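Let's have the full structure, built from the sequences with the hints guiding it.
Chain by chain, the residues:
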Amino acid sequence: MIEICPFEISRRDLLVSSAATAAFASVAGNAHAQISGNEMQQSSNVSFKVNGEEHALELDNRTTLLDALREHLHLTGTKKGCDHGQCGACTVMVDGRRINSCLTLAVMHDGDEITTIEGYGRPGNLHPMQVAFVKHDGFQCGYCTPGQICSSIAVLQEIEANIPSHVTGDLTEKASVTSAEIRERMSGNICRCGAYSNIVEAITEVAGSKA
Amino acid sequence: MKFEKPATTNPIDNLTVVGKPIHRIDGELKTTGRAKYAYEWHDPDIDYAYGYPLGSSIAKGRIRSMDTAAAKKSPGVISVVTALDVGKRDLGSKNTANLFGGDEVQHYHQAIAIVVAATFEQARAASALIKVDYAVGEGVFDLSTATKDAKKPKAEGGTEPDSSVGDFEGAFANAAVKLDATYTTPDQSHAMMEPFASIAAWNGDELTVWTSSQMIDWWRTDLATTLGIDKEKIHLMSPFIGGGFGGKLFLRSDAVMAAFAAKAAGRPVKVALPRPFLVNNATHRPATIQRIRIGATRDGKITAIGHESWSGDLPGGQPETAVMQTRLLYAGENRMTAMRLATLDLPEGNSMRAPGEAPGLMALEIAIDEIAVKLGMDPVEFRILNDTQVDPEKPGRNFSHRNLVGCLTLGAEKFGWNARGKPGTKREGGQFIGLGMAAAFRNNLVMPSGARVKLDARGDITVETDMTDIGTGSYTILAQTAAEMMGVPMEKVGVHLGDSRFPVSSGSGGQFGANSSTSGVYAACVKLREAVAQKLGFNSQDIEFANGEVRSDNRVVPLSQAAGPEGLVGEDTMQWGDLEKTYQQSTFGAHFVEVGVDVATGEVRLKRMLAVCAAGRILNPITARSQVIGAMTMGAGLALSEELSVDKRRGFFVNHDLAGYEVAVHADIPHQDVIFMDETDPISSPMKAKGVGELGLCGVSAAIANAVYNATGIRVRDYPVTLDKLIHELPEVA
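Note that the protein sequences, when read in sequence, are chains A and B. All letters in the first sequence, in the order written, are residues 17 to 227 by the working numbering. All letters in the second sequence, in the order written, are residues 97 to 830 by the working numbering.
A couple of the hints might just be wrong.
To be verified - Simulated DEER-style distance windows between Cβ atoms:
{"#": "1", "chain 1": "A", "residue 1": "Glu189", "chain 2": "B", "residue 2": "Gly472", "range": "45 to 53 Å"}
{"#": "2", "chain 1": "B", "residue 1": "Asp141", "chain 2": "A", "residue 2": "Lys65", "range": "23 to 31 Å"}
{"#": "3", "chain 1": "B", "residue 1": "Pro585", "chain 2": "A", "residue 2": "Asn77", "range": "51 to 59 Å"}
{"#": "4", "chain 1": "A", "residue 1": "Pro180", "chain 2": "B", "residue 2": "Gly525", "range": "46 to 54 Å"}
{"#": "5", "chain 1": "B", "residue 1": "Ala277", "chain 2": "A", "residue 2": "Arg138", "range": "51 to 59 Å"}
{"#": "6", "chain 1": "B", "residue 1": "Asp774", "chain 2": "A", "residue 2": "Arg138", "range": "36 to 44 Å"}
{"#": "7", "chain 1": "A", "residue 1": "Asn77", "chain 2": "B", "residue 2": "Gly756", "range": "26 to 34 Å"}
{"#": "8", "chain 1": "B", "residue 1": "Asp141", "chain 2": "A", "residue 2": "Gln57", "range": "26 to 34 Å"}
{"#": "9", "chain 1": "B", "residue 1": "Asp186", "chain 2": "A", "residue 2": "Glu129", "range": "28 to 36 Å"}
{"#": "10", "chain 1": "B", "residue 1": "Pro140", "chain 2": "A", "residue 2": "Glu129", "range": "24 to 32 Å"}
{"#": "11", "chain 1": "A", "residue 1": "Ile179", "chain 2": "B", "residue 2": "Asp141", "range": "41 to 49 Å"}
As the list claims (entries may be wrong) - Below 20 Å or equal to it, Euclidean Cα-Cα: the simulated DMTMM-like pairs (lysine to aspartate or glutamate) are:
{"#": "12", "chain 1": "B", "residue 1": "Lys329", "chain 2": "B", "residue 2": "Asp186"}
{"#": "13", "chain 1": "B", "residue 1": "Lys703", "chain 2": "A", "residue 2": "Glu134"}
{"#": "14", "chain 1": "B", "residue 1": "Lys744", "chain 2": "B", "residue 2": "Glu676"}
{"#": "15", "chain 1": "A", "residue 1": "Lys151", "chain 2": "B", "residue 2": "Glu587"}
{"#": "16", "chain 1": "B", "residue 1": "Lys623", "chain 2": "B", "residue 2": "Glu640"}
{"#": "17", "chain 1": "B", "residue 1": "Lys821", "chain 2": "B", "residue 2": "Asp764"}
{"#": "18", "chain 1": "B", "residue 1": "Lys116", "chain 2": "B", "residue 2": "Asp769"}
{"#": "19", "chain 1": "B", "residue 1": "Lys132", "chain 2": "A", "residue 2": "Glu134"}
{"#": "20", "chain 1": "B", "residue 1": "Lys550", "chain 2": "B", "residue 2": "Glu587"}
{"#": "21", "chain 1": "B", "residue 1": "Lys397", "chain 2": "B", "residue 2": "Asp474"}
{"#": "22", "chain 1": "B", "residue 1": "Lys359", "chain 2": "B", "residue 2": "Glu404"}
{"#": "23", "chain 1": "B", "residue 1": "Lys703", "chain 2": "A", "residue 2": "Glu200"}
{"#": "24", "chain 1": "A", "residue 1": "Lys190", "chain 2": "A", "residue 2": "Glu174"}
{"#": "25", "chain 1": "A", "residue 1": "Lys151", "chain 2": "B", "residue 2": "Asp769"}
{"#": "26", "chain 1": "B", "residue 1": "Lys490", "chain 2": "B", "residue 2": "Glu676"}
Since the hints were made in silico from the structure, they are not lab data. These numbers come from a predicted model, not from an experiment. C-beta: ideal position from N, C-alpha, C; glycine also.
Rendered as structure tokens:
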């Protein structure tokens with residue numbers, strides 16, 4: 017199978033030789049010893065499930081859920097766009113609800129079940145929402161895309177659960193999948209490439225196929 | 097290969113793969129989160145350290161001293177590198193402001209230190225412990241007053257700041273109908289979703305950098321200059337880029353700091369610029385003040401057209417070239433344009449998507465609407481009447497292909513333009529309804545572009561070029577080009593981009609990427625076809641590549657067999673002759689917009705948007721359409737909300753994050769339609785394509801402002817068109 021575009025890091029990409037790598041490892045060891053000597057009280061143990069897999073981590077108390085996923089579990093599908101809850105690129109599901117993972121500390125999630133973009137599908141076996149995003153070209157640079165897709169899946173669940181939004185006209189009626197509802201509920205996920213019109217079409221198609 | 101004569105028939109014209117609506121080949125990687133961006137290249141055998149930057153808290157002056165003692169003692173800190181430590185560096189050829197090094201502060205949030213620690217949290221905490229003693233200098237931050245000292249900038253890249261044809265002053269003075277109006281556009285930010293980020297790793301004197309760059313060779317060259325090392329010692333990679341829009345054209349501070357930090361720490365270091373830091377640290381599109389004068393006959397012919405623009409930049413910087421389209425877009429015998437550049441001590445102004453044309457058309461296309469109103473003419477009709485098929489400043493010079501009139505006519509018909517009413521007269525529920533339109537215009541640029549194309553024993557094709565895909569669809573259209581040229585299906589083509597070990601390409605910018613880089617792959621494929629023919633002893637003039645086979649007369653050989661166990665390689669660079677001088681090459685379009693304006697609050701909502709584009713052959717209608725709707729979306733932001741607010745006392749952009757700098761979100765954008773004119777431009781390239789990535793941004797903001805005028809009768813000449821500029825003048829409602 018041909019590699020259509022660069023996928024995984026490979027050692028041939030590094031000018032760094034194996035000897036140099038060993039040197040890095042020893043420096044790293046020293047740095048870790050320094051932390052564990054003085055800073056035990058600044059870290060905590062936390063366990064949570066990510067995409068069905070149990071993880072037990074010792075983390076700096078300041079580590080966000082986003083950085084725990086990206087820097088400690090190397091699940092880099094969840095993106096850091098702003099680190100301030102302004103862009104939505106870090107959207108993940110925690111116990112069935114979407115959140116901005118940059119706005120919550122990892123230590124607050126002991127025992128939680130977390131689903132990231134990596135949990136929804138993989139190349140060759142995509143989630144229907146991922147299929148629809150590819151089909152409708154609901155992205156360009158791809159950096160906001162995991163967050164958009166996690167939000168898209170959550171939005172349809174929220175409408176299904178009859179949770180109203182700012183544009184829901186009649187609170188006594190059942191919430192419905194309209195373009196206005198989708199746009200309103202997706203507005204926490206910024207796409208600077210401007211794929212919004214295509215994203216709405218992708219979500220609408222997935223909603224329609226469920227109905 | 098040198099492209100010196102207009103293209104004749106070539107294998108691309110088969111259009112079995114090129115021109116087809118093929119989904120992105122990197123789509124599965126991006127939608128599953130497997131595409132790796134700069135900060136995400138992780139090798140489990142390397143223990144990366146984290147760098148966190150510190151920016152200057154003054155806009156201008158000098159650093160007297162920096163106290164890093166507390167930061168260095170802070171938990172987990174491995175190293176602190178300051179601008180004073182690294183000293184003044186040679187400036188990269190594409191940079192205006194220094195990125196890192198020396199005691200001079202040229203702008204707010206200029207990088208002055210990088211703290212390296214074992215974790216991100218430790219580095220961030222320690223960066224706040226650095227104490228800086230500044231000698232604060234006097235800066236100039238207000239464009240509106242700095243224009244009095246504005247100077248004529250020097251001509252750059254053949255762009256003269258002034259132009260003059262005929263007798264503008266005389267013709268304008270004597271014109272029967274006149275417009276003389278001044279427009280302003282604010283400072284704007286690229287606001288791409290992926291922050292600037294780099295990982296740097298040294299091995300002796302060799303440096304590997306994963307970064308987020310639109311232009312691999314520019315970055316590599318300027319990084320070498322800034323670090324003072326040999327370019328050949330640097331390996332730069334940027335296979336996925338989370339948006340750029342011009343912000344990642346030129347070397348940025350993250351790569352420089354990561355390199356210095358990794359050297360000091362003795363291990364690879366990751367640096368991402370925090371979102372609130374990057375707006376003032378990096379570049380932006382400069383604000384403009386534009387005066388436009390148009391004189392016309394009573395029957396609507398332009399007799400005089402003048403466009404002047406003032407903008408500011410740091411010393412050594414450049415003007416925002418907002419007058420350029422006015423030299424080419426409309427007829428008129430008497431013409432003048434002029435650009436003046438003021439010195440400002442704000443962060444560096446530089447290219448943002450459609451530099452020049454985007455802010456230029458924001459003004460010009462309101463002005464055209466205004467003169468049409470004065471003439472009592474339909475603005476579509478006025479534009480058609482004043483079309484030109486030659487460069488109006490040099491009438492002997494033709495456009496290579498120009499179908500602006502077709503875009504205007506088709507757009508008006510498809511959008512239902514004739515339903516437009518008089519300003520402020522149409523109401524639906526709680527909204528005034530208005531239609532607006534504008535012409536789109538952006539020059540078609542080409543850049544030299546190289547590629548290497550490999551054929552292996554399985555009959556697979558691999559394209560290697562340092563071209564980048566910033567969301568533009570490069571992976572996909574380069575695969576389409578190679579598939580078409582070599583006669584193989586898409587799934588037999590792999591594309592490897594963004595690596596300095598590959599041939600130097602056009603890179604991504606100025607809407608030159610798609611046309612230039614596919615032409616580079618075309619040239620490399622021509623070489624590979626010749627290599628195949630030579631190996632098989634075929635006459636390369638009489639040879640067909642199709643269905644994974646190569647045939648000549650009665651002989652048919654599978655490509656896999658032709659390749660043999662060793663494989664074959666074709667490598668070439670597309671160079672360009674003088675066709676862009678002989679002909680004016682540009683792209684054209686028409687934007688149509690319907691808005692609703694709240695009768696009570698003045699809130700503007702977009703209801704419909706249509707763009708009709710004439711941009712040569714469309715290589716992939718899916719990715720090209722996405723470029724256009726994406727640009728329309730950015731144009732909606734520029735029209736209605738985007739504005740970097742300047743603190744004129746302390747000299748910085750106040751709203752330096754995504755909460756304060758308001759780009760368009762889902763709720764702001766209606767369904768968008770795009771129509772591509774069915775055309776080719778053989779004078780542009782062997783692909784017969786032109787750029788389209790910036791065309792969609794050109795004019796759309798003015799179309800929105802014109803629609804607001806049609807809805808309310810209020811003419812706003814200062815962007816963005818926010819409700820505070822409307823609410824006091826809204827029509828009375830019953």
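Hint check:
1. The given range of 45 to 53 Å is respected by A:Glu189 and B:Gly472, whose C-beta atoms sit roughly 49 Å from each other.
2. Distance hint check for B:Asp141 and A:Lys65: the Cβ-Cβ separation is about 27 Å, which falls inside the suggested range of 23 to 31 Å.
3. Our hint of 51 to 59 Å for B:Pro585 and A:Asn77 holds, since their Cβ atoms are close to 53 Å apart.
4. For A:Pro180 and B:Gly525, the hinted distance range of 46 to 54 Å is not satisfied, since their beta carbons lie about 22 Å from each other.
5. Hint check: B:Ala277 to A:Arg138, Cβ distance near 57 Å, so the stated range 51 to 59 Å holds.
6. At about 39 Å, the CB distance of B:Asp774 to A:Arg138 agrees with the hint of 36 to 44 Å.
7. For A:Asn77 and B:Gly756, the Cβ-Cβ distance of about 29 Å falls inside the hinted range of 26 to 34 Å, so the restraint holds.
8. For the pair B:Asp141 and A:Gln57, the beta carbons lie near 31 Å from each other, so the given range of 26 to 34 Å is met.
9. Take B:Asp186 and A:Glu129: their Cβ atoms lie about 53 Å apart, and the range 28 to 36 Å is violated.
10. Hint check: B:Pro140 to A:Glu129, Cβ distance near 26 Å, so the stated range 24 to 32 Å holds.
11. About 46 Å separates the C-beta atoms of A:Ile179 and B:Asp141, a value consistent with the hinted range of 41 to 49 Å.
12. Pair hint B:Lys329 plus B:Asp186 holds up; C-alpha atoms about 17 Å apart against a cutoff of 20 Å.
13. At roughly 36 Å between alpha-carbon atoms, B:Lys703 and A:Glu134 are farther apart than 20 Å, so this suggested pair is violated.
14. For a cut-off of 20 Å, the pair hint linking B:Lys744 to B:Glu676 is broken: about 42 Å separates their Cα positions.
15. Of the pairs offered as hints, the one joining A:Lys151 and B:Glu587 holds, with about 17 Å between alpha carbons and a cut-off of 20 Å not exceeded.
16. With a CA separation close to 14 Å, the supplied pair B:Lys623 and B:Glu640 stays within the 20 Å bound.
17. Distance hint between B:Lys821 and B:Asp764 is fulfilled; the C-alpha atoms sit about 19 Å from each other, no more than 20 Å.
18. At roughly 18 Å between alpha-carbon atoms, B:Lys116 and B:Asp769 fall within 20 Å of each other, so this suggested pair holds.
19. For the suggested pair B:Lys132 and A:Glu134, the alpha carbons sit about 13 Å apart, so the restraint of at most 20 Å is met.
20. Between B:Lys550 and B:Glu587 the alpha-carbon distance is near 15 Å, which keeps this suggested pair within the 20 Å criterion.
21. A threshold of 20 Å between alpha carbons decides the hint, and for B:Lys397 with B:Asp474 the separation of about 13 Å falls inside it, so the pair holds.
22. Pair hint B:Lys359 plus B:Glu404 does not hold up; C-alpha atoms about 48 Å apart against a cutoff of 20 Å.
23. Using a Cα cut-off of 20 Å, the hinted pair B:Lys703 and A:Glu200 holds, with the two alpha carbons roughly 15 Å apart.
24. Taking the CA atoms of A:Lys190 and A:Glu174, the gap is near 11 Å; set against the 20 Å cutoff, the hint holds.
25. The straight-line distance between the Cα atoms of A:Lys151 and B:Asp769 is roughly 17 Å, inside the 20 Å bound, and the hint therefore holds.
26. Of the pairs offered as hints, the one joining B:Lys490 and B:Glu676 holds, with about 14 Å between alpha carbons and a cut-off of 20 Å not exceeded.
Checked against the numbered hints listed earlier, the structure breaks hints 4, 9, 13, 14, 22; every other hint is satisfied.
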